[in-house]
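With chain X's structure known, arrange chain B on it following the hints.
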Amino acid sequence: MKVTLWGTRGSLASPGSTTVRYGGDTSCVEVRASSGEILVLDAGTGLRRLGPSALSAGRVDLLLTHLHMDHIQGLGFFAPLFTPGMEVHIWGPASTAAGLKERLGRYLSPPLFPVPLRDLPCKLAIHDLLPGDIEIGPFSINADFVCHPDFTLGYRIREGDAVMAYLPDHEPELGVRDFPEATRWTSGFDLVAGVDLLIHDAQYTNEQYATRVGWGHCTMEHALSLATVAEVGRLVTFHHDPSNTDEMLDEIATSLRAKRHMPCPLTPGTEGAEFVVAR
Amino acid sequence: MRGMPEPVEVILLRQWASYMAYPVWIMNAGGDLIYFNEKAAPLIGQTYDQIGDIVVDDIAALFETTDLDGSPLPNDEVPIVRALLQREPCFRRVRFRGFDGIWRIIDTSAFPITGAGDRNLGAAVLFWEVEP
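These protein sequence lines map, in sequence, to chains X and B. Under my numbering, the first residue of the first sequence carries the number 767, and numbering increases by one thereafter. Under my numbering, the first residue of the second sequence carries the number 6, and numbering increases by one thereafter.
So that you can see chain X by itself, here it is in the shape it has in the complex (with noise of 0.2 angstroms):
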């Protein structure tokens, strides 16, 4: 499967001169299968570019972790949804009180935003998930609960023998005193455990994890030791503060591998990125 990134930035989009090299769009990766057929992995900012080169798959599934702004803004805006014909299924977390439409529904509509989801043209399906697992077409899907606030899931994906893992909004090692070799005790160790690709949030500086414990996000230093422990092949970071620059994420990058022992490559995500995942 061949995975591009859309969007990396986190919370916030965030374009401008500092951030033009890794990205300024938030959250939106495709993952697609060498049959073609495509998942999407959030909604963030990025998906509006990614819509256009979606619509020759005649169905698009949409694989939201959780309902934050930064994770859903791009609907408004994804080509599909505005296409009729075209076979859009949204699959996101339930909840304990309102369901995935009813939720989604209070961004896409008045105030927040002029079309409601009852008049997008699309043929258009939502599906409410809880751990478990379930079948894509080519993909199988395991989803998970993981720390962050609100129901959040993280998602593990094989297609074939490739397999990858998708954690953008992840504080792994929160409360957790033996982390990361706790692993009994470690959020979402079993959906990255010896994945091929791990894309993991990695939002802090060291500095800025310090005043923002119970956030839900984590730093690149903790992501590493997350794959560490994991064994994956490979770790690109994700979800980038806003207040990043490209340079700031260059040198803890570049710190980072001058102060660890690197078991797998560490590629800060960038924008446009592509991987393709093979075993």
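No lab work stands behind these hints: they were computed from the structure. The C-beta atom is built at its ideal place from N, Cα and C for all residues, glycine as well.
What follows is a set of in silico ranges between Cβ atoms, one per label pair, in the way DEER data are often shown:
#1 E901/X <-> D63/B: 36 to 42 angstroms
#2 G903/X <-> E69/B: 51 to 57 angstroms
#3 T977/X <-> D37/B: 36 to 42 angstroms
For the chain B half of the interface with chain X, some residues (derived, Cβ under 7 angstroms), not all of them:
#4 M9
#5 P10
#6 V13
#7 I16
#8 Q20
#9 A121
#10 G122
Showing chain B alone in chain X's frame:
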């Protein structure tokens, strides 16, 4: 130490329990004791780090719970068991004997750990020793 993680709801509950200033005990959906915090150790008689998990079949042999008059409590009237099996909160004052063999009177408040989708993830109990 390496193993598949507990559900995130249980992970977060354990984290919360580890910071609490009163005893907390957590069981998984199968009834195994999978954690108790430092404040629970004096009542149980050992620390969690010393004994680790206790499988459900061993719990009845290691700990004893009776009514205040010393009469045996039916299993389904033990608060943590009621929370686990009936999936409802339960409060009761009971006599409890831990590893140290000392009988104590404790107040227990047990509740089920029920996740989204009505998933049964276990039960937890908060307890306080009542002044003799």
